[in-house]
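Chemist: Sequence order for the protein chains is W and Z. Residues 1 to 318 in full-length UniProt numbering are what the first sequence spells out, letter by letter. Residues 1 to 350 in full-length UniProt numbering are what the second sequence spells out, letter by letter.
Where hints are given, some of them may not hold.
In silico contact screen, one side only, chain W against chain Z (beta carbon under 7 Å); selected entries [what the hints assert, rightly or not]: (1) G94; (2) I122; (3) R268.
Only some residues are given here: those of chain Z computed to face chain W with a beta carbon under 7 Å [as the list claims (entries may be wrong)]: (4) D57; (5) S61; (6) S63; (7) V70; (8) R108; (9) A124; (10) P125; (11) G126; (12) A129; (13) D168; (14) A199; (15) R201; (16) E274.
These aren't lab readings, by the way, just hints derived from the structure by calculation. Built from N, CA and C at the ideal position, the CB exists for glycine as well.
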Amino acid sequence: MPETAALLAHLESMWRIRSFEEEVTRLRAAGDIVGSVHLCNGQEAIYTGACAALDLTRDAVFPTYRGHGWTLACGAPPHTLFAELLGRATGINGGRGGSAYLTAPGHGMYGENSIVGAGAPIAAGAALAATFDGSGRVALAAFGDGAMNQGAVHEAMNFAAVRSLPVIFLVENNHYSELTPIADMVRVDRLFKRASAYGFPGARIDGNDPEAVRQAVAEAARRARSGAGPVLLEAMTQRIVGHYIGDAQHYRPAGDLDAALAAEPIGRLTRELLALGATQAELDELTARVDREIADASARALADPLADPSTVLEHLYA
Amino acid sequence: MPETKNLSYAESVNAALRRALAERPETLLFGEDVGAPGGVFGVTKGLRKEFGERVFDTPISESAILGGAVGAAVFGRRPIAEIMWADFSLVAFDQLVNQAANVRYVSRGALSAPLTVRTQQGNAPGACAQHSQSLEALFAHVPGLRVCLPATHQDAYDLLLSAIWCDDPVIVIENRTLYHAGKQEVRLGGEVRPVGGAAVRRPGRDVTVLTWGALQHRVLEAADRLAADGIDAEVIDARWVRPLDLDAVLASVRRTGRLVVAHEAHTVGGVGGEVLAAVAEAGVPLRCPPVRVGTPDTRIPAAPGLAAAVIPSAEVIAEAITKSVRAQGPSSKLVHPTGFDLVPWCAGMS
Numbered sequence: 001m002p003e004t005a006a007l008l009a010h011l012e013s014m015w016r017i018r019s020f021e022e023e024v025t026r027l028r029a030a031g032d033i034v035g036s037v038h039l040c041n042g043q044e045a046i047y048t049g050a051c052a053a054l055d056l057t058r059d060a061v062f063p064t065y066r067g068h069g070w071t072l073a074c075g076a077p078p079h080t081l082f083a084e085l086l087g088r089a090t091g092i093n094g095g096r097g098g099s100a101y102l103t104a105p106g107h108g109m110y111g112e113n114s115i116v117g118a119g120a121p122i123a124a125g126a127a128l129a130a131t132f133d134g135s136g137r138v139a140l141a142a143f144g145d146g147a148m149n150q151g152a153v154h155e156a157m158n159f160a161a162v163r164s165l166p167v168i169f170l171v172e173n174n175h176y177s178e179l180t181p182i183a184d185m186v187r188v189d190r191l192f193k194r195a196s197a198y199g200f201p202g203a204r205i206d207g208n209d210p211e212a213v214r215q216a217v218a219e220a221a222r223r224a225r226s227g228a229g230p231v232l233l234e235a236m237t238q239r240i241v242g243h244y245i246g247d248a249q250h251y252r253p254a255g256d257l258d259a260a261l262a263a264e265p266i267g268r269l270t271r272e273l274l275a276l277g278a279t280q281a282e283l284d285e286l287t288a289r290v291d292r293e294i295a296d297a298s299a300r301a302l303a304d305p306l307a308d309p310s311t312v313l314e315h316l317y318a
Numbered sequence: 001m002p003e004t005k006n007l008s009y010a011e012s013v014n015a016a017l018r019r020a021l022a023e024r025p026e027t028l029l030f031g032e033d034v035g036a037p038g039g040v041f042g043v044t045k046g047l048r049k050e051f052g053e054r055v056f057d058t059p060i061s062e063s064a065i066l067g068g069a070v071g072a073a074v075f076g077r078r079p080i081a082e083i084m085w086a087d088f089s090l091v092a093f094d095q096l097v098n099q100a101a102n103v104r105y106v107s108r109g110a111l112s113a114p115l116t117v118r119t120q121q122g123n124a125p126g127a128c129a130q131h132s133q134s135l136e137a138l139f140a141h142v143p144g145l146r147v148c149l150p151a152t153h154q155d156a157y158d159l160l161l162s163a164i165w166c167d168d169p170v171i172v173i174e175n176r177t178l179y180h181a182g183k184q185e186v187r188l189g190g191e192v193r194p195v196g197g198a199a200v201r202r203p204g205r206d207v208t209v210l211t212w213g214a215l216q217h218r219v220l221e222a223a224d225r226l227a228a229d230g231i232d233a234e235v236i237d238a239r240w241v242r243p244l245d246l247d248a249v250l251a252s253v254r255r256t257g258r259l260v261v262a263h264e265a266h267t268v269g270g271v272g273g274e275v276l277a278a279v280a281e282a283g284v285p286l287r288c289p290p291v292r293v294g295t296p297d298t299r300i301p302a303a304p305g306l307a308a309a310v311i312p313s314a315e316v317i318a319e320a321i322t323k324s325v326r327a328q329g330p331s332s333k334l335v336h337p338t339g340f341d342l343v344p345w346c347a348g349m350s
């Protein structure tokens with residue numbers, strides 16, 4: 001059944017991200033990974049659906065510091081990401097990017113960004129290049145709801161609009177701008193409506209449904225590739241973990257986390273697949289296989305040599 | 001085919017841009033008012049008409065301009081972005097410091113951001129505090145960026161081409177007082193040189209005066225006046241403050257034994273201090289304490305009479321050079337006419 005096969009592929013992608021983040025949590029607790037780490041648990045459907053819609057041999061994704069999921073959904077090998085977070089020589093950026101500034105250009109992923117909203121104008125620049133190079137490239141700038149209050153994002157949207165650049169602005173609305181509810185920081189919390197002020201379409205989509213995200217991004221990409229300009233998609237989702245590892249989330253009201261857990265995409269897609277006739281054993285086999293893949297990748301990365309300090313000054317200039 | 005033309009500084013910049021757009025199809029030229037209007041200083045005049053869509057106007061959105069340049073550069077374009085006043089770059093400093101400067105390093109060379117930012121800076125009569133600053137030290141502080149300040153018509157042409165040809169992000173800081181202040185013979189069409197390299201503007205025996213940017217014309221004026229008093233100053237134009245041609249400075253200072261660094265930027269935290277530190281670290285013996293001449297710690301006032309009291313004049317520069325040459329020992333104290341110290345340094349060195 002092709003529909004079930006597609007959904008199983010979505011489940012596998014989402015589970016790979018979840019399993020990766022859970023292993024990262026263990027490595028952070030053990031002290032193997034140090035420093036600030038921002039997990040994306042609960043938001044996996046967005047990365048999975050969006051990347052399924054893009055042609056990553058030419059399209060370019062510009063995520064945020066909450067970007068492990070984007071990088072995995074783009075196809076970067078988990079081993080190279082663990083190694084990056086662990087400061088290993090085999091890290092995808094040799095330990096220079098870390099958790100919050102990964103880049104995987106070989107997989108269409110052109111850099112997390114630890115400066116909120118800063119990737120939006122860069123994505124517009126990648127799209128600007130596409131209007132000259134005939135590549136048909138679409139640039140996808142992903143950022144959180146909080147980034148909608150950054151000047152750079154506003155500038156990027158107007159710039160992309162006025163030049164009809166092939167950009168998809170994708171807001172991962174998880175309701176929290178770091179630790180503060182987005183509703184307290186905007187007068188109008190239907191963020192997609194800002195698109196009309198710039199003169200391009202905006203839509204609010206179900207960010208917990210990878211298939212809905214895939215369809216919306218595919219349509220936005222088709223439109224952008226045709227020369228019609230940017231689109232703003234507001235994907236509604238939720239974090240089921242803190243803003244960073246160690247965030248006690250005392251700012252979340254009673255029941256908020258339970259509601260998020262009830263809505264998160266992996267449980268939801270699992271229920272859908274079971275209703276469509278998939279068996280629990282089949283799904284268990286899938287998740288166990290992915291878990292083994294993640295555990296192997298983590299173990300390999302832990303055994304890899306640390307990045308070589310003698311190389312630390314390399315690649316500053318051409 | 002190389003040729004020589006009589007051009008203004010602005011026309012020299014224009015000629016470099018025209019050559020880059022003609023020879024490098026991956027170049028783009030954009031910024032506020034640079035397209036159809038030809039730039040607020042007329043520097044980009046005619047380029048939109050000649051090169052069409054590759055030359056275009058942008059919204060007044062410095063983050064979009066510089067971020068757009070970063071993104072386009074990563075994807076094979078060679079953007080030349082204009083930031084109308086250096087002061088305006090601060091609105092979008094993130095895109096230079098946190099973004100452009102990191103691209104190559106974090107990707108270990110897999111990506112690069114070969115972009116050029118053209119801007120202009122400095123005080124001119126009547127300019128307010130937000131249109132007067134000399135900010136090269138802010139850019140030069142950032143590993144990953146390259147920074148030059150062309151001060152001659154020939155350098156306006158040559159350094160800009162070196163910047164555009166360079167595969168790193170380069171900030172080219174021009175000066176609006178130079179744009180239309182007379183014409184000079186400029187050699188066009190020559191070889192595009194790699195970045196870096198100072199130039200001796202006036203050879204001399206008694207004291208090394210390192211300078212850059214438009215202030216060098218005041219330094220040369222001061223040096224010419226001092227020649228009548230028997231002081232033979234060597235004036236070196238750094239041209240690039242990152243990379244700084246320290247070898248040229250050290251070679252000169254080894255001969256003269258005296259060092260004055262003169263720049264329009266604020267003295268505190270400026271590149272002049274970096275030069276003095278580098279000379280000290282190199283262990284070059286000096287016959288008197290080195291001197292920095294720059295704008296003292298103050299905001300820049302609009303009234304020409306007030307601004308003139310803080311921006312170094314030829315007189316102030318000449319006085320500093322004279323005191324350096326006449327100084328008998330480490331105790332000599334140099335005082336700015338406004339009462340600000342000229343920051344004598346390294347007491348005890350002889």
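Chemist: Which earlier hints can't be squared with this structure?
Modeler: 3, 4, 9, 10, 11, 12, 14, 15 and 16
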